[in-house]
Amino acid sequence: MEPTNVENPDYYHKVVDCQWACPAHTNVPGYIRLIAQERYDDAYMLNWESNVFPGILGRTCDRPCEPACRRVRVEEKPVAICRLKRVAADLRGDVTPRFPDIPKQKNGKRIACVGAGPASLTVARDLMPLGYEVTIFEKNDRPGGLMWTNIPQFRLPPEVLWEEIDYILDMGVDIRYNAPVESMKWLLEQDFDAVFVGSGAPRGKELRLPGRYDTDHIYIGIDWLESVAFGHTNAIEENVLVIGVGNTAMDCCRTSKRIGGTNVKVMARKSKPYFKASPWELEDAEEELVDIVENHSPTEFVVEDGVLKGMNFDIVEWHENDEGRLVSTKLDEAFFPAEAVILAIGQETAFPWIEDNAGIEFNKWREAVVDRTTFMSTREGVFFGGDAAWGPENIIWAAEHGHQAAISIHSYCRGEDLRKRPPEHMNLVSAKMGLHEWSYSNDYEYAARRKMRHVRLEERLQSIETEVEEGFDIEQTLTEVERCLNCDIQTHFTGSLCIECDACIDICPLSCLTITHNGAEADLRTRLTAPAENEEQDIYVSEPLPQTTRVMVKDEDLCIHCGLCAERCPTAAWDMRTFDLLKPYAGQDADHPYSGMGIEEMSPGGFVSVTP
Amino acid sequence: MTYIAKPRVFHPSLEKNELGLTRRDYEGVMSTLCAGCGHDSVTAALIEAAWELAIPTHRAAKMSGIGCSSKTTAYFMSESHGFNSVHGRMPSVASGANAANRDLVYIGVSGDGDSLSIGLGQLCHAVRRNLNLLYIIENNGVYGLTKGQFSASADMGSKSKRGVPNEQPPIDPALLGLSIGATFVARGFSGDKDQLVPIIKAGIRHPGLALVDVISPCVTFNDHVGSTKSYAYTREHFREAVEAAFVAPKDFVPPADEITADIASAEVRDVRMHDGSVIRFRQVEGDYDATDRDAVYGYLRERQNAGEVPTGLLYVDPESRDLHDVLGTVDRPLWDLPFEELCPGSEALDALMENYR
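Quick mapping for you: the protein sequence lines, in order, are chains A and B. Quick note on numbering: my numbering labels position 72 of the first sequence as 72, and the sequence is numbered without any gaps. Quick note on numbering: my numbering labels position 201 of the second sequence as 813, and the sequence is numbered without any gaps.
Chain A on its own, in the form it takes in the complex (with noise of 0.2 Å):
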């Protein structure tokens, strides 16, 4: 193998498993180590640079980061990485006076942004402390778009999205309440020099079977979810059914629960491993006595003089085709009871208000054609992001989009090359502080993952409004953080010093590394201390070995960050040096990311230090 190129970012990047499994990329171990030394605001601010509402997702992120998490490989569970987000969340300060100053002169640009979701907000933050005039049309009377109308109260408070929010509004962002754009063609004669479609993906998947509208007790999730939002729907019949076992049913069933459901049952066509939500949601689903039921593919609506009696069900059982294709098998039918009915299937993006001939185009789904890397349409400065450009995601993708798009927005009105992409950098300084000290904790933490403690069963369901989740308390933060491996705290050779000595080779508690004769990848990953048989884990090929020109390899894999290579190691050729990915953002140079987000830079050991 070539010797490995550490000078690109992604090198390191990839081994920080959470970092780079979340969309947006957050500095996970690095505001966990803040939290550490109960740095709340720092840690806060980290988060806020890169996922915009800390808060909101400390508490319901889709958590793309911890099945990621390289503790999964040496331990049962992952660090409870987004728990961790929501401690600093709150128990911050005010950090208000760390946001970046808005010019009073504006650079003239005007930008539109079409719903005020999570996508277009953050096109917001990016852009108006660059001087943008941005206007959002709203169709709501207030902003938040799903984020407000579809996670429910209890898992969400609405003070924590309005505060969150309110820090992008406050900037001075002309936000129109119930303003719904109802033509593409009238907003690009508006004045505007750009123009942003975060609209979301607004319409629940219909099931068209028979008895469908024989009755109005039959709910579209997402509709009847908003109606629950925004207290017109404040009960619901005893005995519901939820179709779908996504995270939008487990919110279905969860806010039934609370408004007069008291058999709820979540009807699934699939088996649990083939379960769309969260393992997370379903437990908390199943707390609080949902019934979930597999394997019942839904046949009819039983609707009696226009009164729902329940639902048909064929039972089936599943299994692979020749194809690897799932297909299932009709075993038994069933007939269950209810009087209300709520489709969660899916939901998917809908543009009525884009005429045909308004420049963008739609593929045969009606889905707008949008450039996944520039995030415009086939239309000259109009972007889409958020749920509106690819379908569902979830908040974290959407603020990932928004920045993205405020990226390409902001070279589109300086005539740049939308394609030309402001490139990542890293910084990596030396975590040494001592003989044997690191500026990390590298001892290794046996705990195990903390639980979160929720409100008593019975509490709970009195109200919507009642957050299930407590947070962690003060001790469950500190075991927790302690139990993150600080992958970012990267193991670096520097090859012109080694000796050979093997100390750092009898010293590694998961035999990641060797020292051995070069040669093709398949051929060193079978011939290590350890076999390397995690393909998706880089192993790591130094240059040729002074004294025998063999070479060091380091399987990623396994490493835990313990730092004990760089502690035997007796010439420093291993050195743990802390990783920070210098990640672009609209109109910040490379060169200083963080310019005007109240954090200047990661000192060594991955210390935020504050602007005066």
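Derived by calculation from the structure, the hints in this document are not laboratory data. Be aware that a few hints might be false.
Stated by the list, open to error - In silico SDA-like links for lysine to any residue, alpha-carbon gap of 20 Å or less:
1) A/Lys-432 with B/Ala-617
2) A/Lys-205 with A/Phe-351
3) B/Lys-618 with A/Thr-514
4) A/Lys-77 with B/Arg-620
5) B/Lys-773 with A/Thr-571
6) B/Lys-618 with A/Leu-435
7) B/Lys-805 with A/Pro-546
8) B/Lys-805 with A/Thr-529
9) B/Lys-805 with A/Thr-514
10) B/Lys-805 with A/Lys-139
11) B/Lys-683 with B/Ser-704
12) A/Lys-139 with A/Leu-435
13) B/Lys-618 with A/Lys-205
14) A/Lys-77 with B/Pro-624
What the hints assert, rightly or not - Which stretches of chain B does chain A cover? Using the computed rule of at least three CB atoms under 8 Å from a CB of chain A, they are:
15) 623-631
16) 843-855
As the list claims (entries may be wrong) - Which chain B residues stay away from chain A? Per the calculated CB distances, all over 10 Å, these:
17) Gly-760
18) Ile-792
19) Glu-953
A virtual CB, placed ideally from N, CA and C, is assigned to each residue, including glycine.
Given the structure of chain A, go ahead and fit chain B onto it with the hints provided.
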């Protein structure tokens, strides 16, 4: 010094030996030696060898004297017995332990100071006794604990860290061992575990004293240019005389199969030991015979005169008889004999004395 303990988390593919133990089960406490010390690599080789041989950790005793080397017995096999003795007196303490309990595996770890200076007489007589003991000398040519003065194994002309050459001739433990009847003589290098681990395995199984001289660089006081015991010097002048592999009785396969399966040109010679195990020598030097004491002595002299560091399992006596064998002691360990059998009492003694009147 490293302050944290080596985390007890494991690679999922970590293998188990026939006792169900992993390599990690053969570890000891965290080393307090300098980072990069050759001794830590010897420790790792010992761990590997003991794991591969599936030695029950409670059936082994680690013996040592004083010095950096002698600290290392704390760094492997935590569950084993151990005795950290007076400077240079490890062989005597090991002799006593071995006399009392012949059933344990004895692993002695010493250094060039402990064995070639203060304990030289002890070493020689342990060799002559052919105590059933693996005797490792972690040889770095300096007194590391007292800041790097030349030891008795320092080569003529080797330079100290200050640049002053050594002007006294060295004691070579391998040549010494050969000259006083050692039945197993080997030399390894801490930086080459592929060679060292099989030597240690064979040495542990050898019925008698297995003298293993390991060049184990002192990274702090003797790893500079001009030193003849540095990593770089040893690698440059390293010469493998013969390649040896230890084959446990159960794994023994007649060598004919091996020759066709492996490198056809390499000559393989098996030396069968009393317990049925085999040391399989693969020739590196044309006609090297690891059972010919005089030839090995001559070879070592010749290569050393040529400035090389000859290594390998240099000599083995297949007819080796250890101390208990020579003395004809009972098979049962002495500690396990009932007091009445061990000490028949004054009446029996009187009766014996009567015979001589």
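State the violated hints by number, sorted upward, taking the hints as numbered earlier in the document.
Numbers 10, 12 and 13 - these are the hints that the structure violates, sorted from lowest upward.
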